[in-house]
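Top to bottom, those sequences are chains U and F.
Residue 72 in our numbering sits at position 72 of the first sequence, with consecutive numbering throughout.
Residue 81 in our numbering sits at position 81 of the second sequence, with consecutive numbering throughout.
Rather than coming from a laboratory, the hints here were simulated on the basis of the structure.
Since we're looking at a predicted model, the values are computed, not measured.
Note that the Cβ used here is the ideal one computed from N, Cα and C, for glycine as well.
Please note that the accuracy of each hint is not assured.
[What the hints assert, rightly or not] Calculated pairs, DSSO-like style, for lysine-lysine (alpha carbon to alpha carbon, straight line, at most 30 Å):
#1 U/K104 to U/K78
#2 U/K59 to U/K42
#3 U/K58 to U/K99
#4 U/K42 to F/K17
#5 F/K65 to U/K104
#6 U/K42 to F/K69
#7 U/K107 to F/K57
#8 U/K42 to U/K107
#9 F/K65 to U/K42
#10 U/K99 to F/K65
#11 U/K42 to F/K71
#12 U/K107 to U/K59
#13 F/K57 to U/K99
#14 F/K71 to F/K57
#15 F/K57 to U/K69
#16 F/K57 to F/K17
#17 F/K57 to U/K42
#18 U/K59 to U/K99
#19 F/K71 to U/K99
#20 F/K65 to F/K18
#21 U/K42 to U/K104
#22 F/K17 to F/K71
#23 U/K59 to F/K65
#24 F/K57 to F/K18
#25 F/K65 to F/K17
#26 F/K18 to U/K99
#27 U/K104 to F/K57
#28 U/K107 to U/K58
#29 U/K78 to U/K57
#30 F/K18 to U/K42
[Said to hold, decoys possible] So the derived list for chain U, only partly shown, Cβ under 7 Å to chain F, looks like this:
#31 Y31
#32 P44
#33 T93
#34 E98
#35 K99
#36 L100
#37 K104
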Amino acid sequence: ILNVEQSPQSLHVQEGDSTNFTCSFPSSNFYALHWYRWETAKSPEALFVMTLNGDEKKKGRISATLNTKEGYSYLYIKGSQPEDSATYLCAHTQGGSEKLVFGKGTKLTVNP
Amino acid sequence: EAQVTQNPRYLITVTGKKLTVTCSQNMNHEYMSWYRQDPGLGLRQIYYSMNVEVTDKGDVPEGYKVSRKEKRNFPLILESPSPNQTSLYFCASSLSGGSGGTQYFGPGTRLTVL
Numbered sequence: 001i002l003n004v005e006q007s008p009q010s011l012h013v014q015e016g017d018s019t020n021f022t023c024s025f026p027s028s029n030f031y032a033l034h035w036y037r038w039e040t041a042k043s044p045e046a047l048f049v050m051t052l053n054g055d056e057k058k059k060g061r062i063s064a065t066l067n068t069k070e071g072y073s074y075l076y077i078k079g080s081q082p083e084d085s086a087t088y089l090c091a092h093t094q095g096g097s098e099k100l101v102f103g104k105g106t107k108l109t110v111n112p
Numbered sequence: 001e002a003q004v005t006q007n008p009r010y011l012i013t014v015t016g017k018k019l020t021v022t023c024s025q026n027m028n029h030e031y032m033s034w035y036r037q038d039p040g041l042g043l044r045q046i047y048y049s050m051n052v053e054v055t056d057k058g059d060v061p062e063g064y065k066v067s068r069k070e071k072r073n074f075p076l077i078l079e080s081p082s083p084n085q086t087s088l089y090f091c092a093s094s095l096s097g098g099s100g101g102t103q104y105f106g107p108g109t110r111l112t113v114l
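Please construct the entire structure, taking both the sequences and the accompanying hints into account.
This is how it looks when you write it as structure tokens:
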């Protein structure tokens, strides 16, 4: 994988459902993996930055895991609420580079 | 209040007319960068700066210039804008760790080049 890829592209769930989505990135020379939440008409806001293989981070109902050896990260949302509706972006950086490469995002819609 | 500010927020201009979008942060952050957001393409990094007088190209630097003469400011310059630079632009900064640090985004600048 040369780029950062996110799946699915979009997702519709019902309020109360738990959901998860994937970010895939190059596994070589890994440095950091970011997750951001981006609501319409606002700016992206940081959720997590993870640097170590096996990292798990949690913020309220949202959590993320990281597997640097196979090059993927999962974002989980437990008991989705309408206010969770947003585009979730992941971004990756490799050691030796200060470039930050973003995926195209997963657009989540939570229906009441 | 800790923040990243961008000006202007909206701009409509014509092809070839030089423009500058300013970005300023009040958090003493070392790393600053510019991104453009286009439908279906996600956020793409244009330029970044590790510190004063240290800048480098991101993935889509063509047609843009930047400067970092002061730590707090990182203006984006379009010397001769073209319609394909119509986009939503975000400036961001982070305290440390370069691209490994949490990025704080400005409010965005929506640019239309006619």
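We went through each hint and held it up to the structure:
no. : hint            : result
1   : U/K104 to U/K78 : holds (23 Å)
2   : U/K59 to U/K42  : holds (20 Å)
3   : U/K58 to U/K99  : holds (26 Å)
4   : U/K42 to F/K17  : holds (28 Å)
5   : F/K65 to U/K104 : holds (25 Å)
6   : U/K42 to F/K69  : holds (28 Å)
7   : U/K107 to F/K57 : holds (28 Å)
8   : U/K42 to U/K107 : holds (14 Å)
9   : F/K65 to U/K42  : holds (25 Å)
10  : U/K99 to F/K65  : holds (16 Å)
11  : U/K42 to F/K71  : holds (25 Å)
12  : U/K107 to U/K59 : holds (19 Å)
13  : F/K57 to U/K99  : holds (8 Å)
14  : F/K71 to F/K57  : holds (18 Å)
15  : F/K57 to U/K69  : holds (28 Å)
16  : F/K57 to F/K17  : holds (23 Å)
17  : F/K57 to U/K42  : holds (26 Å)
18  : U/K59 to U/K99  : holds (26 Å)
19  : F/K71 to U/K99  : holds (19 Å)
20  : F/K65 to F/K18  : holds (11 Å)
21  : U/K42 to U/K104 : holds (17 Å)
22  : F/K17 to F/K71  : holds (27 Å)
23  : U/K59 to F/K65  : violated (38 Å)
24  : F/K57 to F/K18  : holds (20 Å)
25  : F/K65 to F/K17  : holds (14 Å)
26  : F/K18 to U/K99  : holds (26 Å)
27  : U/K104 to F/K57 : holds (20 Å)
28  : U/K107 to U/K58 : holds (20 Å)
29  : U/K78 to U/K57  : holds (14 Å)
30  : F/K18 to U/K42  : holds (27 Å)
31  : Y31             : holds (6 Å)
32  : P44             : holds (5 Å)
33  : T93             : holds (4 Å)
34  : E98             : holds (4 Å)
35  : K99             : holds (6 Å)
36  : L100            : holds (4 Å)
37  : K104            : holds (4 Å)
Hint check: a violation occurs at hint 23 only; the rest are consistent with the structure.
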